[in-house]
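Participant: Turn these sequences into a full structure, and let the hints steer you where they fit.
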Amino acid sequence: MQKQITEANLRLLIDSLLLKGQRVVGPRQSGTMVLYEPLASASDLVTDELPRRSIKEAFFPVCEDLLEYRKEGQQIELKDIDPARFPETVLFGVRPCDAAAVPVLDAVFSWDYKDQFFLARRAKTTIIGLACTTADDACFCTAVGLSPNDPKGSDLLLTPMVGGGFLVESQSEKGEVFFSTWQDRFSEPDGTQTQALATPALQPLDLKKIKAWLDDHFEDRAWDSIAVRCVGCGACAFVCPACHCFDIVDEGSEKAGKRRKFWDACGFSKFTNHASGHNPRDLQPKRYRNRIMHKFKYYDDKFGQTLCTGCGRCIRVCPVGIDIAGVLEEIEKK
Amino acid sequence: MSRIGVFICHCGENISRTVDVEQVAAQAAKMPGVAFATDYKYMCSDPGQNLVKNAIAEHRLTQVVVAACSPRMHERTFRKAVEQAGLNPFLCEMANIREHCSWVHEDREEATQKAIEIVGMLVERVKKNRVLPTITVPVTKRALVIGGGIAGIQAALDIADAGHQVVLVEREPSIGGHMAQLSETFPTLDCSQCIMTPKMVDVANHPNITLHTFSEIEQVDGYIGNFQVTVRKKARSVDEHKCTGCGVCMTKCPQKKIPNSFDCNLGMRTAIYVPFPQAVPNVPVIDRENCTMFKTGKCGVCQKVCGPGAVDFEQQDQLIVEPVGAIVVATGFELYRITEKPKGSPIKGYGEFGHGKIPDVIDGMTFERLASASGPTGGKILRPSDGKEPKQVVFIQCVGSRSREKGISYCSKVCCMYTAKHTMLYHHKVHDGQAYVFFMDARVPGKSYDEFWRRAIEDEEAVYIRGMVSRLYQKEDKIVVMGSDISVGVQVEIEADLVVLATAVQPQKGADGLAQKLGISYDKYNFYSEAHAKLRPVECATAGIYLAGACQGPKDIPDTVSQASAAAAKVMTLFAKDKLEREPIVARVKENGCVGCFACKKVCAYGAVEEKEIRDRQGNLIKTVAYVNPGVCAGCGTCQATCPSKSVELDGYTDEQIVAMIEAL
Amino acid sequence: MHVDKQKHTFEPKIIAFVCTWCTYAGADLAGTSRMQYPSNVRVLKFPCTGRIDPVFILKAFQQGADGILVSGCHPGDCHYIAGNYHARRRFAAFRKLLEFIGVDLNRIQFSWVSAAEGGKWVEVVTDLTEKVRAMGPMVEFKDLVLEEQWSGGLNNPELQAVYEAM
Amino acid sequence: MIQTIDISSYSAITDAIRSEARRILSDSTVSAVIGYTAGRRVGTTQPIVITTADEADKLLFSAGCLNDLVVYLTKAKKDVPKSGRIGIVVKGCDLKALVGLLGESQLKRENLYLIGIPCSGVLGSLLKPSAELTSETIASKCCECTDQLPLGCDFIPAVTPAPLPDLEKRYATEIARLEAMTPSERWEFWKEQFSKCIKCYACRQVCPFCFCEQCLCDRNRPQMVEQTPRPSGNTAWHLVRAMHLAGRCAGCGECERVCPMDIPLNLLNRKMAKELKELFNSEAGFEVRDTGPLTSYREDDDQSFIR
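Chains as they are written, first to last, in our numbering: chain A, 1 to 334; chain B, 1 to 665; chain C, 1 to 166; chain D, 1 to 307.
FYI, nobody ran anything at the bench for these hints, they're computed from the structure.
Computed list of lysine-lysine pairs in DSSO-like fashion (alpha-carbon distance at most 30 Å, straight line):
| no. | chain 1 | residue 1 | chain 2 | residue 2 |
| --- | --- | --- | --- | --- |
| 1 | A | Lys333 | D | Lys128 |
| 2 | B | Lys30 | A | Lys71 |
| 3 | A | Lys152 | A | Lys333 |
Far from chain B by the CB rule (all over 12 Å, computed), these chain A residues:
| no. | residue |
| --- | --- |
| 4 | Thr47 |
| 5 | Asp48 |
| 6 | Pro160 |
| 7 | Gln171 |
| 8 | Glu173 |
| 9 | Lys208 |
| 10 | Asp215 |
| 11 | Val249 |
Just so it is clear, CB atoms sit at the ideal spot from N, CA and C, and this is done for glycine as well.
Facilitator: See below:
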């Protein structure tokens, strides 16, 4: 279904949601950065900048509690966290490269083990995407088969129109429900042109060819030269909309504490460190290889999807200028 | 899970009066990991200890917390009891609920609550305690004594007499040190050489003493009980085993005009020489800098006249490795030189005393040689410039000493006494002469010392002037000494024939270098530091190294000999056991995490941290890590707090134990 | 000496990190001398102040300490020669860091208390306890423990509003 | 007023680096050279390790050469070849870090060939890489730089860096601003900063002094610092790091530059450097120091804060 909405109505809609007690998350200025954060009012919404971190944390928080424990005498008492407590949330202004990562995450979190924490949040969330009209030199969604107005993952997709306002397309049942709930705010499309979409500079990559090379080159000296500069931080993984590795740790004291789940990154030297002290990925090139392999081969093998949406965040934040698009181009040329 | 036993002591009523011990026991029983908790009237008594021992067996306890008095009081008692019950003693901790609780608080409720919390902290701590085995270190019962002055000689003889092997190393060609240079000694005025030379001979003849003269310490490895000391035996050019000490070489040597430093350069010696006639060993040494043979390649007279063929121009320095278990450092002192302003040292020199350019301004040791019957003048007091007998002699005390502006703030301790002695010796030898002494104040404590000083003034007519000399200068054949007498507030000017400066006592040159080799600490003047100024005055902080004599601070002969014997006694205490046992509270390096930044080594006051290479099976160096020598580590844990990755851990005070206590709060 | 027995509304938690040779012994002396002081202090014994890691202080604040005392041997008296000299530098630097991030330095006392200074121990502990009691609870680190990133929290203020609406 | 910074010397420096790298690689003085090369995006660079003379032309120096390459010499980077002598391009600030590592037994001078850069400044960030170098875009560390010309290098291009214009000392200003606040205002400031942290450890990984193989903060027995990226653990982590760097940090500012969450981390390090200078007259420089301010002591150190 297609509708359109004026800028003013969009803001009214957000404020209405907030008034209703709904949690609304969208890009907002937070200190020096734009981040996806709960909005206090529609005026918080920032639509002209890609947030520094991706939307994945709405379903897969930086850190969350899984359970609480308490010990007394010889007794141990456990208390689970109830996922039903997660609030209904509307995500506004999600970029297509972020929204597209959500179905990718769905696959892994609902695979053999159903991650109740992820899925509960996911079920209670409506994603309202926003197509891009500008791109910088790190953007490369078009190179990995997506586009600046790709509807993947969005329940509703907004596309800016010439002269203001947005064209709105529903992409799912949740989107339809949202339309019907808030029908007063939307109007039928009047044929106004949408603005020209962003045009990322990088040419489309041949992901099949890249995967074919990866299939055969687990051992290859190229990894050394590609990854020699990697210093092993987790910046790329943490800003990535699709990376989803996590660790679990008990925090607190002998007497009481909490079990927590928090982001982990395959670049960390301790990521695959065994209790024995042995580490199969003992050097950085092996870790970086895993990053590329996981994104463009393993995930594809298992779920038929690529674990990269071309948002370019990792390129922007990498301390040592590693450019995943450049790496892919290099592999494609081999 | 742990099965901890908690034992609450009433200490008669000392604890139970303010702490509800039953409630503490009841609360302790609920703490996670506690399997048994009880209280008892006197836990340290035999029945109390048996209660602990029985409970360990009955309740299969894995750790024990005794809540009673200070661990400083009874930790040993309970650890021993626990050990008797079959647990490692370090699995027992004490919670101090007496000194830190019942005795200092009156409110029963508050005190009880605090006692419960203290017990809780120790319960958490003891869970993280590890079994610690006692550390034993083998002991090589052989001592090294560095320095052959009276301190080194005394220490060597004492240790050797106790039946242990001693290696005595002396830098000069002969042992004897400064005491051999002295004429008479205070306060008895007995002849120094008469009491010194028999001891030197004893050293030479002692079956347990190996003597290396003309030798220096090259390198020191190892630790208490197990040092490996490399001694450089400098080329003497005379074979010690062949030489008979007949002295013909010296009489025939054509180089006869070399100033003899033993005589403070007043007398002359040959190029092949013994520093003084009573030298031990009585084996000459060739001074290669002044020997014609070494300078020009022509001469060789000594070699030709030597019957036993002992002269060996080809001799090389020899490196000898001596394994020893203990080291006594007795390197002595030297006198402050008014001419010198050593770089990097606080010493500033004495321009106002002529910078040493006036020949008749001499130091105390030079005066000793003038007064010595075996000295260059045969015991006559004759001034260096023209050999005349001085009729007016000015002695100036505290030259260098106690003078912050000149760089030395300490008192040299011996000068007041030896200056008094000098005035007497002078008066005895030059009956019509007059001695003047400029002094700040007289520091003469000690048995018969004050009497001795008074005698110099009252019987021997020395004139003591309280005040400092501001300047002195040569005027024809006199030295004009300008000073002030502050007791009467007038300027004084004396035309002296000879001026004797009581210059400060300083450590030997190179004392800092030797300290670095030994890994011992020293103060800003390079005096070696004792482990504790009062309670461990002869031990270095570095285990197995002891101090004797003036290398540790200015001392007179009686103090030096006392300290030398004390150091020897410490060595004998160490040697009384075959193995050294010590509490296993030492730091341990976790080599996995260590990256070899050696911050631990930098902060270790004991030199316990060594560098250790880790190699793979092919012998390739993987990394260099720190290694803490358990024989040397004192267990302060400064290394651990300094280590950024916490790769060194102090047993008994691990991070786990401490964090557990904090988290129990 | 009798401490005024009035009850206070707030009793601070004071953690003392002390060396075993001087300050712990000084505290023992206070005990054997039956001196009285507030019961708020909990003593952690270390071999030497040189062993005290600044992390322990952070940890103690996180665990709810309202005031912290670090005490050891007077300069020159260290049982281990120089541990207290190293500690002195370490804490000179660390307190500057704490001050810079906004910890009120009145909550941290450093002192030299020898084995003979039972009286000084009582004074130091009493003064610190009273000072911190007047300052009120140290809430900064405790509050931090409750803080969450927005996405992970279930008890954020903004969520409370959401729950109330539900 | 925005001033343009003169970096006209950088093309001559690039030429000089290339020819020197070519020379030392072809005559086997070194087995590898660590330098900068161009990135795909205009104006960006990335570190590169070259091992043959043919690759020398890949090297360059520009205002985009932000990295402190010294991190590649540390044990944290096991995969960089360390056999034989290594050539490395260093700016003055980088060299101070390298000197610090020499003092901490992490490197041996004889195994290094230092190519010094007469530096006129670099950009503060590459988020907008094509920016021109001006008084606005220049890195904060450059505003307080006193070491434009590194000393003690094996090779320095014969170029005199243009003196930097009088730039606002941003760290000094910011430290003074914070110092003037009340403790609770400062706490609020840092609480907000630290709460942003996601524990990606980029600050640690780029730091030349974070060469520990086993970071204290990765340990869980005991857990000295909470591992999770929550405000509490974040605060502890940044304080521990500031403390571990105190007296060692050479001021390369990499931690702050790479922080994806814009936490002003170097502010902590600059503050500690300032305090240690005042307390113990100790600061990072080009002279190798055997001990740092926190691994040494003086008997007469200040103890006015001790009762």
